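**Student:** Here's the letter readout for the chains.
2 protein chains.
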Amino acid sequence: MTKTLNVELGDRSYPIYIGPACLGNDDLFSRHISSRKVMIVTNETVSPLYEAKLRAALKDFEVDCVVLPDGEQYKNWETLNLIFDALLQKKHSRKTTLIALGGGVVGDMTGFAAASYQRGVDFIQVPTTLLSQVDSSVGGKTGINHPLGKNMIGAFYQPNAVIIDTLTLNTLPPREVSAGLAEVIKYGLIRDADFFGWLEGNIQPLRQLDQASLTHAILTSCACKAAIVEEDETEGGVRAILNLGHTFGHAIETHQGYGNWLHGEAVGAGMVMAAQLSHSMQWLNDEALQRIVRVVEQSGLPIKGPSNMNEADYMALMSVDKKVLDGALRLVLLKRLGYALVTEEFSASALGDVLKTGGLQH
Amino acid sequence: MTKTLNVELGDRSYPIYIGPACLGNDDLFSRHISSRKVMIVTNETVSPLYEAKLRAALKDFEVDCVVLPDGEQYKNWETLNLIFDALLQKKHSRKTTLIALGGGVVGDMTGFAAASYQRGVDFIQVPTTLLSQVDSSVGGKTGINHPLGKNMIGAFYQPNAVIIDTLTLNTLPPREVSAGLAEVIKYGLIRDADFFGWLEGNIQPLRQLDQASLTHAILTSCACKAAIVEEDETEGGVRAILNLGHTFGHAIETHQGYGNWLHGEAVGAGMVMAAQLSHSMQWLNDEALQRIVRVVEQSGLPIKGPSNMNEADYMALMSVDKKVLDGALRLVLLKRLGYALVTEEFSASALGDVLKTGGLQH
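So the protein sequences, as listed, match chains A and B. If you're matching positions, the first sequence starts at 733 in the working numbering and goes up one per residue. If you're matching positions, the second sequence starts at 733 in the working numbering and goes up one per residue.
Simulated from the structure, these hints should not be mistaken for lab results. Since this is a predicted model, take the numbers as computed values, not measurements. Treat the hints with caution; some may be incorrect.
The list treats identical chains as interchangeable, and a pair is accepted whether it falls inside one copy or across any two copies.
Distance condition first, Cα-Cα at most 30 Å in a straight line; then the derived DSS-like pairs of lysine-lysine [claimed, not checked]:
1. 769 with 807
2. 823 with 791
3. 807 with 827
4. 1067 with 827
5. 822 with 807
6. 807 with 823
Sequences are here, hints too, so could you generate the full structure?
**Tutor:** The structure is reproduced here in structure tokens:
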């Protein structure tokens, strides 16, 4: 049942294994660990669920484990340092291997710890949330937050392998499954109209955690992201289309306070807003817009932003991106269903209309 | 008068400029800065001496500056974070350029800040000590200390350019000039017998800061290190010979407490110890050993370790390396004058004799 996708990045290439029960497959791990010692990094939520299973698959190695507090608010230097403390106290050398067991926060921090410990050691990702499986498995983005900005400190650093056990989604809250689906839908919208068509018929099996459907959706999402990242490893150009819905979404997350809207929920509403603006530009027709809205809605995601945000709120928060780019506001829009581009050529009044209605014209 | 050395590392290649008054050469800087904003990182000792001169060379850019406390004890996360704070407060984007103005500590921290800020920005090294000019200009090692170990957190990250103004050595304490010469001598010993011969006739002009002699010595040292690093960028093999004298030297530094013996002083005594052990192995003859001792001594460096260290002290501190390598103690020794190798094949009793006498048999 396990599918394999190779991410081709020259001497930084690595495989992603996807399927039910991968976590118990000791051969998958052994194949990618050249050290005697390994350090599992997980958090207090995931540890009771999956640490013992992972340790069983690592029976041939000397295993240490560090359990971090759970939550985006802990994605900081102090928590990262718990990993360094454990590595040094347990005398892990440059030859050690770190294994990230958890969601995006654990993966980002473990990846940055691996990039920085003794100037770089091996690491393996074992993402246990749908969002991290389809988003963090490819791209090599690692890092921590700074009080003055999210993900401001980090590295581009590739894992030795990513091992995705689709059965771990059985313990994921349904709201987080929906949030993960936002990123899955995104891949269909930006580069793969066929996949979008498949999703239209398979949202229910996905939400019900049908293993074959999940494996297909995760594999296709990772393959789509891999194709984009292979083209643009350090985010100079095309990679920006991965941010479809994210400029709107970040504004929502910031305005509401992190954690109140899940990232995927904000991206869901943001993608509808991007689709609506693309429709105003006459790039998407009525039918395409309706299909997009329907899939987002069926996934259990919001199709418009929070009712307490107005146009000025959006513009203030979105213009942070503007400053960073030393110029005009650039957005990811859909030239057609299955093809996104980054552009600053859109009608300001159409954008205003989208922001006024918060995403969906009734 | 300015000489240029290109360090060839594929798409991470960069030039090193060496000569008097480079710091005032605005063209050298402009050539390697593609941003509008730059951030100078320096320390409280170097800032009053050279910040104004550097700012004058950067008159075409928007310049911010962060001044760190001076000293190895500040090479930690808290100080590194002062750089991130300044970058974020002054709204520096991913397109910014950091300029490290100072010695090894400033260079290591600025390099790691550049490697990590928004997952990597440009940086230029302007090393102002002889040690950092010949040691940190090549190799891409950046990082900070952790309470449990030196340089434990960092990255391999290459600068856009290194600009070495040999006139900055005029303000360097003579003891630090001598300490820098230890690393210069090292390059002659490990890979370049001709350069060693040249050094034998030029130690006095170097200590008197003759600009042409300094330029030649720094250029040759950087070229030697570049050839080794080009062969082994991430320290898998041959690069270890750069540690000639360092295993003994680190033991001395640790035993005496950092700062009491300068790094270069400990390396000076350590190189004599390595030479003496190589002599015991009959790899070096009497004359070669004497030539090495003489050059180290003429440089104003100690030719034996501290009188309060005995064999057991050395062995206890040197065996840290042993643990790290999961095996026998490995040392860098001289197969002949101008050719070093890493080996665990030496007589334990000969090593014992060297450690008993602390470096030089009388």
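**Student:** Each of the hints needs a verdict: does it hold here or not?
**Tutor:** Status of the hints after comparison with the structure:
{"no.": "1", "hint": "769 with 807", "result": "both (25 Å within a copy, 28 Å between copies)"}
{"no.": "2", "hint": "823 with 791", "result": "within (19 Å within a copy, 48 Å between copies)"}
{"no.": "3", "hint": "807 with 827", "result": "both (25 Å within a copy, 24 Å between copies)"}
{"no.": "4", "hint": "1067 with 827", "result": "between (47 Å within a copy, 28 Å between copies)"}
{"no.": "5", "hint": "822 with 807", "result": "both (23 Å within a copy, 23 Å between copies)"}
{"no.": "6", "hint": "807 with 823", "result": "both (24 Å within a copy, 21 Å between copies)"}
The structure agrees with every numbered hint stated previously.
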